[in-house]
Amino acid sequence: KQEVTQIPAALSVPEGENLVLNCSFTDSAIYNLQWFRQDPGKGLTSLLLIQSSQREQTSGRLNASLDKSSGRSTLYIAASQPGDSATYLCAVYYGGATNKLIFGTGTLLAVQP
Amino acid sequence: DTAVSQTPKYLVTQMGNDKSIKCEQNLGHDTMYWYKQDSKKFLKIMFSYNNKELIINETVPNRFSPKSPDKAHLNLHINSLELGDSAVYFCASSQAYGTGYTFGSGTRLTVV
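So the protein lines, in turn, are chains A and B. With this note's numbering applied, the first sequence has no gaps in its numbers, which climb one by one up to 113 at the end. With this note's numbering applied, the second sequence has no gaps in its numbers, which climb one by one up to 1112 at the end.
Where hints are given, some of them may not hold.
[To be verified] Some chain A residues near chain B, calculated using beta-carbon distances under 10 Å:
1) L19
2) F36
3) L44
4) Y93
5) I102
6) V111
[To be verified] Below, a list of computed lysine-lysine pairs in the PhoX-like style, where the Cα atoms sit at most 20 Å apart:
7) B:K1036 - A:K42
8) B:K1022 - A:K42
9) B:K1067 - B:K1044
10) A:K1 - B:K1044
11) A:K42 - B:K1044
Everything labelled a hint here was simulated from the structure, so no lab data went into it. Being a predicted model, the structure only gives us computed values, none of them experimental. We put the CB at the ideal spot given by N, CA and C, even for glycine.
Sequences are here, hints too, so could you generate the full structure?
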């Protein structure tokens, strides 16, 4: 069964800290992996998309890595700010017969000023 | 200009009613989706359409019926609403499978 898990479920850090969010997936035959951010009561905002052939993607203070063989991805946030507080979702796309985006359980991040 | 727009944003209705949620995307994408986010914030796919053709239909009660009049629109009609249908429903689109998804802002459905 294709499952995606995120650890930790919740994280609280003081402003300015660097932090890492983890995502693991049971079936390593992924096509790509996408990190999203969801603010309370809002929709999903795409942060980074990593194709299966890539090892990492960067956007500003965000860096996402992918280790397909071990079934893991990490989202690194540098110099965290209170505005980074949100739920972060990892989603894995499987092509072929599956053909769908499977979401992780999410990490609720709170950055304290 | 909103890329993927859903209406209404909030929907409160009584059990047994029939309701529809509309979704439109102006990105020129070929594929559209409906996702359900439950009370524990877990997102799960319900349907996907590629160029008006149903591709994925997960284990969803047949009270839920998607309709795609053209590739820019994917509406969700729900018959005989139940309390357990209360959730946030998200519409999404992608250019093709595996090219990255764009989500709408969601429709919060509350069945009373």
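Results of checking the hints against the structure:
| no. | hint | result |
| --- | --- | --- |
| 1 | L19 | violated, 20 Å |
| 2 | F36 | holds, 7 Å |
| 3 | L44 | holds, 4 Å |
| 4 | Y93 | holds, 5 Å |
| 5 | I102 | holds, 8 Å |
| 6 | V111 | violated, 19 Å |
| 7 | B:K1036 - A:K42 | holds, 14 Å |
| 8 | B:K1022 - A:K42 | holds, 17 Å |
| 9 | B:K1067 - B:K1044 | holds, 19 Å |
| 10 | A:K1 - B:K1044 | holds, 14 Å |
| 11 | A:K42 - B:K1044 | holds, 17 Å |
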